[in-house]
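Below, each chain spelled out in residue letters.
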Amino acid sequence: MSGFGTSEFSTKYPVTNKLTESLIGKYPDQKSFLTRRFSSLEPEEERNLEYFSDQIIRLVGDDLDQFLDDYIFICNMQTEEEFYFRRNNNQYRLSKFQDAVEQVYSNKPFMASYMNGLLMTQIWWSNHTKMLAFYKEEFLPKNIASYRHLEIGPGHGKLLSMACQDERAGEVAAWDISPASIESTKHALQALGVKRIPELKLVDMFSSEPTTVDSLVFSEVLEHMENPEEALSVLQSCLSDEGRLFIHVPINSPAPDHLFNKATPTEMKDFIESQGFEITDYKYAPLTNYSLERAIEQELTISCGFIAVKK
Amino acid sequence: MLETIQTVMRDVFGDDSIVITKDTTADDIDEWDSMNNVRLIVALEQELNIRLPLKEINGLKSVGDLQRLLEAQTGN
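These protein sequences, in sequence, are chains A and B.
Sequential numbering of the first sequence, starting at 1, is according to this note's numbering.
Sequential numbering of the second sequence, starting at 1001, is according to this note's numbering.
No wet-lab data here; the hints were simulated from the structure.
The structure presented is a predicted model; accordingly, all values stated were derived computationally and were not measured.
Treat each hint with caution, since some may be false.
Said to hold, decoys possible - Partial selection, computed: residues in chain A whose CB lies under 7 Å from chain B: (1) Glu82; (2) Phe83; (3) Arg86; (4) Arg87.
Don't be surprised by glycine CBs; every beta carbon is placed ideally from N, CA and C.
Chain A with its partners taken away, still in its complex shape (with noise of 0.2 Å):
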């Protein structure tokens, strides 16, 4: 495959071009990075990257160059808040989640840009490409038919939206515990062309109601998780015997609010197995650029993503 730069990709991946074009042309550093990242795909990545584009495309709407900002806002933080990872034993600035709420979640204009920045990761980071791609070819497609779908924690709605066009899918439900996100969620779901529009709860995961779903998807919340374990029990309970957990989780990641972390892929995996969880697949996605080796032996950024059924 002839990378970004060249008029195969250009024909073969437009939308994702011009995305990639428009940063460059804003931020000329970011080239040579994007220039490696789209040298080779992966097949899952060559499958899907268009789509995921497309997704984003619509969720920007006329506002990409404040998303561009914002792309270039959350680089910078990361590299913040990998310094103090790396000076500090590998340990995140944060570990109560409470303080998350008064640092990250209270500061609005910083969510906003936290947010839009996140979005723009799910293609340029190729670990956020290759999660994306292993919910959407591994997970939907092997739940039961008709299957009972909650996702708690939507953020963006990227994940949710496929749920609501899967025909498989029955009933479609997400919880937040923000307000604001449900309605930013509704709205992306539009903007995604979602016709279907699922049950938005405003709920806290810790004092739900008893529910019960066959397709769970717990996609970048753990690392949040001021207690893991009791998450991870919320979990259990809610998925029927038949059902299906997919968790995306990533390791040694520090950010502003991330607050639980494992050193390794195998710890991670070892301790959702820990807590009543059989995998039953598993995709590891090391940062953009890097092998999953060396990720391993540097202990940088992996991006986890777990497929799970009750013990």
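Fit chain B to the known structure of chain A by using the hints.
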């Protein structure tokens, strides 16, 4: 100090063939991306028992800039 930077850089980047001068920049070394820059700086801080201000780190453009900053921080 240049030799110290080179030694640490070779170790952090995992490449014993790296040779640097004051004019070397990140564009000259494939392994020198933003992640490895963090690792390099932290390793130099640990080697020299210093802490560099983030604002100063963000302004570095070359090995020469890094050398001057380290020498200022260590009093060398």
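Each hint, compared with the structure:
1. Glu82: 5 Å, holds
2. Phe83: Holds, about 6 Å.
3. Arg86: Given a least distance of 4 Å, the restraint on Arg86 (chain A) holds.
4. Arg87: Because about 6 Å separates Arg87 (chain A) from the closest Cβ in chain B, which is inside the 7 Å limit, the hint holds.
The structure fails none of the hints (numbered hints given earlier).
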